[in-house]
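Novice: Single-letter residue listing:
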Amino acid sequence: MLNIFEVNETNKMIEQENLDVRTITMGISLLDCIDSDLETMNQKIYDKITTKAKDLVATGDKIATEFGIPVVNKRVSVTPIALVGGVACHSTEDFVSVAKTLDKAAKTIGVNFIGGYSALVSKGMTPAEELLIRSIPQALAVTERVCSSVNVGSTKTGINMDAVKLMGEIVLETAEASKDQDSLGCAKLVVFCNAPDDNPFMAGAFHGVTEADCIINVGVSGPGVVKTALEAVRGADFQTLCEMIKRTAFKVTRVGQLVAQEASKRLGVPFGIVDLSLAPTPAIGDSVAEILEEIGLERVGAPGTTAALALLNDQVKKGGVMAAQAVGGLSGAFIPVSEDQGMIDAVNLGALTLEKLEAMTCVCSVGLDMIAIPGDTKATTIAGIIADESAIGMINQKTTAVRVIPVIGKGVGETVEFGGLLGYAPIMPVNQFSCDAFVERGGRIPAPIHSFKN
Amino acid sequence: MKKTIITVVGNDTVGIIAKVCTYLAENNVNILDISQTIVQGYFNMMMITDTSASEKDAATISKDLSEIGDKIGVVIRCQHEDIFNVMHRI
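Residue numbers (the working numbering), protein chains in the order written: chain A, 1 to 454; chain B, 1 to 90.
Hints in this document: simulated from the structure, not taken from any laboratory. Just so you know, these numbers come straight off a predicted model, no measurement behind them. Hints should not be assumed to be uniformly reliable.
Said to hold, decoys possible - If you want the footprint, here are the derived chain A segments under chain B, 3+ residues with CB under 8 Å: (1) 1-14; (2) 63-73; (3) 408-419.
Ideal Cβ placement from N, Cα and C applies to all residues, glycine included.
Let's have the full structure, built from the sequences with the hints guiding it.
Specialist: As structure tokens, this is what we get:
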């Protein structure tokens, strides 16, 4: 039978160390909403989302109350809209109308974000996909809850450099279109390489075409729990350290698995995956940077940071994978800058640079995330950053992503405030040397040699 | 049987257990086990209960107990046992 110490340990994690279930994300296929008439399609999309997910928020809240664990976000991801709207949408305005439909549906069911305003163009772009991409700046400016992502490369296909170049421009246009909100639109736009089909985390969530009609994916969190657990093994060797991370990740993930199963059972929707991520928030004690510092760094960004992050990421996966029925999504440690107080402090102190962050993305779960850069950064420079991240993902067979925010009208040394879970960020300097000629080449970088496994 | 774990944490005062137990009795919640300790000067109690015979659902019991806790200055949580089982039992 359970004893009081075990119960107290769990409740201490929840109350003092910010253990929570970060998101229950319902993935909904919109492939059966495809119609040649735009208005009919929009109606079908609205109806399907508001029917399938009508009880999502209430069920999430009920699970939270019964188990006494916060379920912070309830969200929806849908089939990439470039595929769904390809027949009906003949202009960027047509695609924007779909974005507005998604936004309306999200508001009706009460979810705070809906992901899937996406295009998967890792090898080439269809006209519809290009139209959707070109509509992103406007779509994100006129909607509140819609998130967008574009997959521009993969290990199997190489990198679509035409799409990379276009995304450099689109990121900048998105910033411009939302400049009155400190370019907030860019916080809802992710450029991926090797994007997973079952990621529950925003802004990059979409419901891949390999998925079933409707699915429940759950993202767990708990950087504070890992940080506190590691305080007990200060000065111990790496084996001891790794063992502690694994054990803690196991416990955290078991809670995620429980919530996923309950949500799946109560909503009558199959369970998909648990995403084993350490997702920080700007709250004190909810920071991945603090874990790295607890491992032994004066500040995140110091020499040793990449190694510390590599071991953290790997142990989280090892512990978590044993605790969940099926894992997927991004799974690992997120290193967003604006959403992590330790990262923000390290940038302000000069310990953490964009280049070090790039190195860290070789071993973290995703990529350059929530990084504010000067608003006058050139589109080709942003494309260069995207190309670098994509190359890391392609060669290392991992998911990488870029979510940078060129803050229009602001420069290095200034701060931008996004509010809520998105936090705030100091604007970081970007290498001023040009990559224009590189980006202008156009075409595609072929798939790497190790992609040929057939 | 649906087991629920009730925890009470706070400054020790007269009648904490009485108030919680009165509520549980009135609502047909059976107490299976009680343990109590003092942690860092705080009163710390855990009850394992069976709520299956109660007419109230878990969310309501949780809310009611939380309000009782507010009145007597302690934190009362009421959670389904599975959250602890998954974490501490394989």
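Novice: When the hints from earlier in the document are held up against this structure, which numbers fail?
Specialist: 3
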